[in-house]
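Chemist: Each chain is listed here by its residues.
Protein chains: 2
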Amino acid sequence: MDEQRGKDRTAGKNRSGKGIDDLINGVRNGNRAMLAQAITLVESHASKHAEKSQNVLNGLLPYTGNSIRIGITGVPGAGKSTFIEAFGQHLCNIGHRVAVLAVDPSSSITGGSILGDKTRMEQLSQDPRAFVRPSPSGGTLGGVSRKTRETILLCEAAGYDIILIETIGVGQSEVVVRSMVDYFLLLMLTGAGDELQGMKKGVLELADSIVIHKADGDNKQKALTTKEEYNQILHFMKPTTNGWEVRAYTASSYSGEGIKELAGTLECFIEITKKNGFFEERRKSQLKEWLYSMIRDDLERRFFSHPKVKKELPLIEQNVYLGKETPTKAAREILGIYKEEGD
Amino acid sequence: MDEQRGKDRTAGKNRSGKGIDDLINGVRNGNRAMLAQAITLVESHASKHAEKSQNVLNGLLPYTGNSIRIGITGVPGAGKSTFIEAFGQHLCNIGHRVAVLAVDPSSSITGGSILGDKTRMEQLSQDPRAFVRPSPSGGTLGGVSRKTRETILLCEAAGYDIILIETIGVGQSEVVVRSMVDYFLLLMLTGAGDELQGMKKGVLELADSIVIHKADGDNKQKALTTKEEYNQILHFMKPTTNGWEVRAYTASSYSGEGIKELAGTLECFIEITKKNGFFEERRKSQLKEWLYSMIRDDLERRFFSHPKVKKELPLIEQNVYLGKETPTKAAREILGIYKEEGD
Ligand SMILES: Nc1nc2c(ncn2[C@@H]2O[C@H](COP(=O)(O)OP(=O)(O)OP(=O)(O)O)[C@@H](O)[C@H]2O)c(=O)[nH]1
Ligand SMILES: Nc1nc2c(ncn2[C@@H]2O[C@H](COP(=O)(O)OP(=O)(O)OP(=O)(O)O)[C@@H](O)[C@H]2O)c(=O)[nH]1
Ligand SMILES: [Mg+2]
Ligand SMILES: [Mg+2]
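So the protein sequences, as listed, match chains R and E. Residues in the first sequence are numbered from 1 upward in steps of one, following UniProt numbering. Residues in the second sequence are numbered from 1 upward in steps of one, following UniProt numbering.
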């Protein structure tokens with residue numbers, strides 16, 4: 001560990017100097033400093049790094065895909081980081097190597113809340129079997145999600161076989177994380193369903209399992225009641241994942257109660273979905289969705305950043321709102337301008 | 001009525017001959033044959049009709065927007081058509097003019113099930129205060145939805161102040177209809193929640209009100225129980241529309257029980273949302289979404305129909321699935337080919 005930390009500091013100095021092969025080999029050998037460097041490269045906004053980072057990724061691609069990717073969401077304060085610390089340590093103890101990442105759409109605005117300065121994973125981040133990486137900063141959610149997907153690949157190539165991704169329910173972040181993980185955990189608190197009201201629509205339907213968290217002390221009995229209430233609601237919903245019944249569980253990251261059981265539930269989930277083919281199917285459709293969303297994003301980015309479009313669209317849009325022309329006609333107009341000009 | 005039917009036949013003969021001004025005036029005067037012709041024009045796939053139809057629409061645009069647009073969904077056999085017949089007649093009786101349209105994504109595949117040959121709105125379609133138009137045939141859901149939006153405008157210009165749009169839960173049709181209406185009704189059947197399981201995820205969350213339908217005879221008591229069960233679930237959900245609590249109601253299109261009350265609920269909904277500004281806000285964001293979705297659709301259509309893209313994309317996609325390259329690199333490749341070639 002200490003040796004690697006040392007390396008990290010040295011390497012940081014001539015970061016961009018490291019060759020592609022060095023990075024590929026370093027990551028493959030599980031060198032943490034090299035992994036950190038490769039992630040920094042992938043996260044870079046500089047277009048000069050884009051080519052290099054794609055070459056590193058492509059070189060590592062044959063060694064990726066062998067982890068279980070897990071998304072963890074919940075309102076701020078649900079205890080996501082604390083849970084990841086407890087759950088991650090347990091997974092390390094039973095033989096896994098765990099990488100922790102974050103998708104935090106708020107980080108570009110507020111400076112980041114999850115996995116940021118106030119990270120509570122002090123023990124896990126000291127563990128040689130774990131790797132904790134804070135949220136990539138800046139950029140749109142689309143950009144952050146691209147970086148996170150690529151960081152997952154890097155961590156897999158480095159030998160981490162469990163990837164835990166923390167995200168908070170801001171914007172579309174849960175949907176984005178759902179689209180890159182095999183298993184999605186929703187952390188909830190007690191309070192007789194009142195939290196559900198505060199929860200965004202549809203989040204419950206993304207989850208593979210629900211954890212009523214902080215089920216300890218005075219809160220334990222209430223958590224058990226809340227669990228039953230959720231199970232009733234869940235009974236009415238179609239499962240997210242073929243052949244898997246979504247259920248609520250209780251757990252405490254303080255007492256550790258329920259943590260081991262959740263690891264068992266996860267194992268069960270993976271076994272079932274690998275057997276019925278859903279695991280592979282979802283991975284494939286996630287790749288497809290990733291590819292197509294990048295294509296769509298780029299087509300839109302080109303269009304909306306075109307000078308003529310930027311100049312004309314607001315006027316045309318205003319005409320639509322004022323009832324001066326139909327959206328159909330307006331769309332034709334602006335697309336005509338774009339086509340004429342070329343891109 | 002009979003006179004207008006006569007006109008309809010005559011006009012049909014030289015349909016494409018009718019001038020733009022004739023159509024605009026005819027629709028504005030509430031001439032049903034002219035309205036039918038204008039809708040046929042708007043629904044046409046022929047590109048030579050596109051210009052004319054946009055001119056007609058633009059001429060009528062100042063007279064649109066003054067209706068209440070209502071979406072009605074439910075599984076096949078939920079009784080949507082029968083309900084529209086009963087509800088529509090009641091609305092006519094209390095002074096409204098009602099137009100009935102359909103968005104049926106299955107029609108291009110199966111030849112149409114809703115509002116098709118087996119339409120059950122015999123009485124309503126005879127009523128001079130009502131106008132019933134079957135589902136536009138053919139085309140993608142995106143195409144059908146453009147036509148329906150434009151048909152709504154035509155019906156409004158013709159003086160219909162209530163537009164009822166029937167749709168079945170196939171593909172994304174409910175989401176599409178939700179994005180074009182002010183009020184969204186979900187018709188459900190009794191059965192202690194079992195139907196919910198068969199329902200697609202998220203549909204409940206699109207609704208402004210839920211109707212437990214066919215609440216008559218032996219079924220009535222069960223319907224009341226089901227209503228309570230739904231109200232319990234709804235209690236846990238965030239409202240779709242600001243300031244409006246989604247509730248379940250019972251109704252029977254056979255006995256007529258509950259129909260009048262639903263008209264009252266609708267009135268209440270409109271009053272509240274007009275007062276709190278949500279009505280206008282949603283209309284505006286629907287216009288924006290319509291415009292932007294047409295732009296996006298066209299950008300994608302151009303890209304995916306480009307010969308080079310059609311040739312290269314399947315190979316590149318395959319490489320992604322086989323783990324030979326990352327989606328990021330693959331996207332860059334195919335976009336590079338597209339850009340190079342121009343469009
Ligand atoms: N009683 C109890 N408290 C807990 C438990 N887990 C976390 N907490 C407390 O809950 C608070 C929030 O914990 P975090 O882990 O930071 O929550 P988070 O969901 O990661 O929060 P954000 O990252 O800011 O969205 C802290 O004060 C924790 O000590 C638990 O199992 N039991
Ligand atoms: N008991 C009872 N039966 C009804 C009621 N309304 C409709 N039905 C029956 O339910 C069946 C389906 O009615 P439709 O109106 O065609 O249903 P739909 O939802 O429009 O069906 P599709 O358009 O095919 O999706 C018919 O046999 C109707 O007679 C009602 O209020 N009570
Ligand atoms: Mg946190
Ligand atoms: Mg029908």
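For the record, the hints were derived by calculation from the structure and aren't laboratory data. Heads up, some of the hints might be wrong.
Identical copies go unnamed one by one, so any copy, or any two together, can satisfy a pair.
What the hints assert, rightly or not - In silico lysine-lysine, DSS-like type, Cα no more than 30 Å apart, as pairs:
| hint | residue 1 | residue 2 |
| --- | --- | --- |
| 1 | Lys-222 | Lys-275 |
| 2 | Lys-339 | Lys-18 |
| 3 | Lys-52 | Lys-220 |
| 4 | Lys-227 | Lys-284 |
| 5 | Lys-324 | Lys-220 |
| 6 | Lys-311 | Lys-274 |
| 7 | Lys-339 | Lys-288 |
| 8 | Lys-308 | Lys-48 |
| 9 | Lys-311 | Lys-288 |
| 10 | Lys-311 | Lys-52 |
| 11 | Lys-310 | Lys-274 |
| 12 | Lys-308 | Lys-274 |
| 13 | Lys-274 | Lys-18 |
Chemist: Hint by hint, note whether the structure agrees.
Modeler: These are the hints, each one checked on the structure:
| no. | hint | verdict |
| --- | --- | --- |
| 1 | Lys-222 <-> Lys-275 | neither (36 Å within a copy, 40 Å between copies) |
| 2 | Lys-339 <-> Lys-18 | neither (43 Å within a copy, 32 Å between copies) |
| 3 | Lys-52 <-> Lys-220 | neither (51 Å within a copy, 68 Å between copies) |
| 4 | Lys-227 <-> Lys-284 | neither (33 Å within a copy, 41 Å between copies) |
| 5 | Lys-324 <-> Lys-220 | neither (61 Å within a copy, 49 Å between copies) |
| 6 | Lys-311 <-> Lys-274 | neither (52 Å within a copy, 33 Å between copies) |
| 7 | Lys-339 <-> Lys-288 | both (28 Å within a copy, 21 Å between copies) |
| 8 | Lys-308 <-> Lys-48 | both (28 Å within a copy, 27 Å between copies) |
| 9 | Lys-311 <-> Lys-288 | between (34 Å within a copy, 17 Å between copies) |
| 10 | Lys-311 <-> Lys-52 | between (35 Å within a copy, 28 Å between copies) |
| 11 | Lys-310 <-> Lys-274 | neither (48 Å within a copy, 33 Å between copies) |
| 12 | Lys-308 <-> Lys-274 | neither (50 Å within a copy, 37 Å between copies) |
| 13 | Lys-274 <-> Lys-18 | neither (38 Å within a copy, 62 Å between copies) |
In the structure shown, a violation is registered for the earlier hints numbered 1, 2, 3, 4, 5, 6, 11, 12 and 13, in ascending order.
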